[in-house]
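Here the protein sequences line up with chains A, B, C and D, keeping their order. Residue 1 is where the first sequence starts when you use our numbering, and the numbers rise one by one after that. Residue 219 is where the second sequence starts when you use our numbering, and the numbers rise one by one after that. Residue 437 is where the third sequence starts when you use our numbering, and the numbers rise one by one after that. Residue 657 is where the fourth sequence starts when you use our numbering, and the numbers rise one by one after that.
No false leads were mixed into what you were given.
Straight-line alpha carbon distances no greater than 30 angstroms define the calculated DSSO-like cross-link-like pairs of lysine-lysine that follow:
no.	chain 1	residue 1	chain 2	residue 2
1	D	Lys659	B	Lys354
2	C	Lys566	D	Lys803
3	C	Lys592	D	Lys812
4	A	Lys120	D	Lys786
5	A	Lys120	D	Lys723
6	D	Lys803	B	Lys354
7	A	Lys154	D	Lys786
8	B	Lys338	C	Lys503
9	C	Lys566	D	Lys786
10	A	Lys120	D	Lys727
11	C	Lys583	C	Lys566
12	A	Lys136	D	Lys786
13	C	Lys507	B	Lys338
14	D	Lys786	C	Lys583
15	C	Lys566	B	Lys372
16	C	Lys583	D	Lys803
17	A	Lys136	C	Lys439
18	A	Lys136	C	Lys583
19	C	Lys439	C	Lys651
20	A	Lys181	A	Lys4
21	B	Lys354	C	Lys566
22	B	Lys338	C	Lys566
Hints were generated in silico from the structure; no laboratory data involved.
Chain by chain, the residues:
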Amino acid sequence: MDEKTLIAKRVALELRPGNLVNLGIGLPTMVAAHLPTGVNVFFQSENGIVGMAPVPEPGAENEDLSDAGGSPIGAVPGAASFDSAMSFGLIRGGHLDVTVLGGLQIDEEGRLANWMVPGKMVPGMGGAMDLVSGAKRVIVAMQHSAKGTPKIVKRCELPLTSVRRVDLIVTELAVIEPTDKGLVLREVAPGVTVADVLAQTGAELIVPSAVPTMPVGA
Amino acid sequence: MDEKTLIAKRVALELRPGNLVNLGIGLPTMVAAHLPTGVNVFFQSENGIVGMAPVPEPGAENEDLSDAGGSPIGAVPGAASFDSAMSFGLIRGGHLDVTVLGGLQIDEEGRLANWMVPGKMVPGMGGAMDLVSGAKRVIVAMQHSAKGTPKIVKRCELPLTSVRRVDLIVTELAVIEPTDKGLVLREVAPGVTVADVLAQTGAELIVPSAVPTMPVGA
Amino acid sequence: MSKVRKLEEAVAMIPDGAVLMIGGFMGVGTPPHLIDELLRQGKRDLTVIANDTARPTVGIGRLVTAKAVRKVIASHIGTNSETQRQMIAGETMVDLVPQGTLAERVRAGGFGLGGVLTPTGVGTVVEEGKQRIELDGTVYLLETALKADFALIAAKRADYLGNLEYALTARNFNPLMAMAAETVIVEAEDIVPVGVIPPDSVVTPNVLVDCLVAKERRHG
Amino acid sequence: MSKVRKLEEAVAMIPDGAVLMIGGFMGVGTPPHLIDELLRQGKRDLTVIANDTARPTVGIGRLVTAKAVRKVIASHIGTNSETQRQMIAGETMVDLVPQGTLAERVRAGGFGLGGVLTPTGVGTVVEEGKQRIELDGTVYLLETALKADFALIAAKRADYLGNLEYALTARNFNPLMAMAAETVIVEAEDIVPVGVIPPDSVVTPNVLVDCLVAKERRHG
Chain A
1 MDEKTLIAKR VALELRPGNL VNLGIGLPTM VAAHLPTGVN VFFQSENGIV GMAPVPEPGA
61 ENEDLSDAGG SPIGAVPGAA SFDSAMSFGL IRGGHLDVTV LGGLQIDEEG RLANWMVPGK
121 MVPGMGGAMD LVSGAKRVIV AMQHSAKGTP KIVKRCELPL TSVRRVDLIV TELAVIEPTD
181 KGLVLREVAP GVTVADVLAQ TGAELIVPSA VPTMPVGA
Chain B
219 MDEKTLIAKR VALELRPGNL VNLGIGLPTM VAAHLPTGVN VFFQSENGIV GMAPVPEPGA
279 ENEDLSDAGG SPIGAVPGAA SFDSAMSFGL IRGGHLDVTV LGGLQIDEEG RLANWMVPGK
339 MVPGMGGAMD LVSGAKRVIV AMQHSAKGTP KIVKRCELPL TSVRRVDLIV TELAVIEPTD
399 KGLVLREVAP GVTVADVLAQ TGAELIVPSA VPTMPVGA
Chain C
437 MSKVRKLEEA VAMIPDGAVL MIGGFMGVGT PPHLIDELLR QGKRDLTVIA NDTARPTVGI
497 GRLVTAKAVR KVIASHIGTN SETQRQMIAG ETMVDLVPQG TLAERVRAGG FGLGGVLTPT
557 GVGTVVEEGK QRIELDGTVY LLETALKADF ALIAAKRADY LGNLEYALTA RNFNPLMAMA
617 AETVIVEAED IVPVGVIPPD SVVTPNVLVD CLVAKERRHG
Chain D
657 MSKVRKLEEA VAMIPDGAVL MIGGFMGVGT PPHLIDELLR QGKRDLTVIA NDTARPTVGI
717 GRLVTAKAVR KVIASHIGTN SETQRQMIAG ETMVDLVPQG TLAERVRAGG FGLGGVLTPT
777 GVGTVVEEGK QRIELDGTVY LLETALKADF ALIAAKRADY LGNLEYALTA RNFNPLMAMA
837 AETVIVEAED IVPVGVIPPD SVVTPNVLVD CLVAKERRHG
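Chain A on its own, in the form it takes in the complex (with noise of 0.2 angstroms):
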């Protein structure tokens, strides 16, 4: 299995039945592939849907519906299409469960940075101010280096998305709780050890006495 599609399979165990979930673009996509068996959650794109789902076959593209990157999608039986300001205040307001969203960087306090690279990449922060500040659950799929690079860093030096603290972090090598004491340990990947983890983490870790196994069939 590589690396992201582990990624995607541990964020996808966070989900519940039900749960209004918004997945970013990139990696976090992949999550909708790997719902356990019996879990069948709706899927938010916030240029104004609730039960995206994939184009079941090529030819059923549809011009008026498409995902947050412009790429076709299909819809859910029950879906429902909406305005900016709607799409928003689901997100917003509290009614959306989990968003997963990419980093660039995340700090011992758990605070995102993962829209710019001042100097270099100002994409704008389009969706992912509003998702982190407002979704129930905030978790970040990422891979926990950039080119040997620890992304996870005592402060972030990039700008932040938000300064509300993140509730998950799953990268190839582990899950990290933000917690108010700190970024704690939660599982290691299959075959990685804590040393590892820490090896490649930029910020403190607080490592319980027992750290589990990712729970991640193969």
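We have chain A; now place chains B, C and D onto it with these hints.
Here is chains B, C and D on its own, set in the frame of chain A:
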């Protein structure tokens, strides 16, 4: 022609084709029946419809379609229904061309009081404050006096509906326009003299050299 | 996981003293059986946020007449002499809010906004105790968000999942309130299969609805 | 009084330097012929308020590529390398606004509100220059209303009067913008007789629409 019909007919002359118009309960409602030929306007009811109309015949009432007083109404082809936030977005956002409201008092600054009499009548302001603050044009349609007491006064004793200056006052005696110089007497009713109007008005009126008679047919 | 519940069960979730938002405008778009059942179960000390209290024998007015209500937040009570009497006698607290402001305050609660700036009420008694904010020469009042424990919603149609459609002027405050309460209880005139209400016609998405009251069996 | 106008005529109303709101999300729900015609007429110095600038050859991105735009107010320009280049080179001003905040600011403009209080952006660079307001222990930013001279709207269907319906995710910012501009120009995929769109399906009421662009005759 009775006094209320005279007022309604005169107010109706202020409406322009295509206007969005909100008529208050009572006397203002009568304006709808006196639209000049060729003037088609859209009536809003603030409980959530543009395009209200009378119920065309007894038995055609619908439980889900009423005016702001709760009485059954009909609708024109091309009507649109919406929630209360949208309804007041139309009003507050400057999309409502004209509102016609009743009045308890109006002062020399053209400020209206029409929603409560302390200690006696506490109905609540309903939509009146939004209508007076937000409509492009506010027309007050009322009888000139209440049991011999002038309703047009130096300064309102009753709680104000809004500090916004209304645009026109139409009574059974006169048409008066509040301006930044004061209340200007624009027209007198057929058979009414300027002296009659002044005698029944509790505020100073600016009287131009010529005051025409209201252009309302019998 | 069906959301359909018996009327008694749904209303039994509501404790005495709860803060309720109730849809409707002069009774039109107010859920009639939910009101019946609140009365039958003898709820007390309710706070009701609604546009109006209709008439003494209609809709929300019936709760007032039964003295089930401790506090009303509404834009208009002029058609209910009993609400006015209780207000003047000090039996029921009544907070009067301009209708457009009430709509925005409920919406703000449901949309995660702290409040809005409105020109409505500036320079009137509505301004008392509120923050004035001037922007580019215009003065606004800061009006804060309202939330509730329960929203009691009347819909024209619900599908099995809880997607809702409303009819004509019975829509009014219902979709705004369905966003602004912890628990949303819906009485729908019809319950239809998923897919009957197309996505563009859904006004309240199913994810907002907690409980759908089963239709009364009137025949058979 | 018909609102139907020829494409050239409708777009000719827009002067250089105008502030435009343009509907759409990555081009989906952006009026294609209105963009074509803005380019053909060689408009300059436009301020564009929109969710994004799509891609360099798509939707609003085409206006950026043609250097017709002086200023962009958007939530996202990451998919348009040309917008980013012009921003970094100082050729085009870009004001980045969180998407939910942008939606509320446009809505506030159209709904007559001075602004809204949102928790989004507190403690980030978005806060710079803005008023912080604390209510019940939560900090919010005061985000002010946006308005425009023209709104360019893409609708699925319009009736002869100008009542509008949108389809699926092509709705996005369109109905909000149709409230917030002095003049509203609509490109609809279909124009249908009055009554075809029932009152409960109308998303933008006809009274908001100034100008309906006639369909291109593609056959005959």
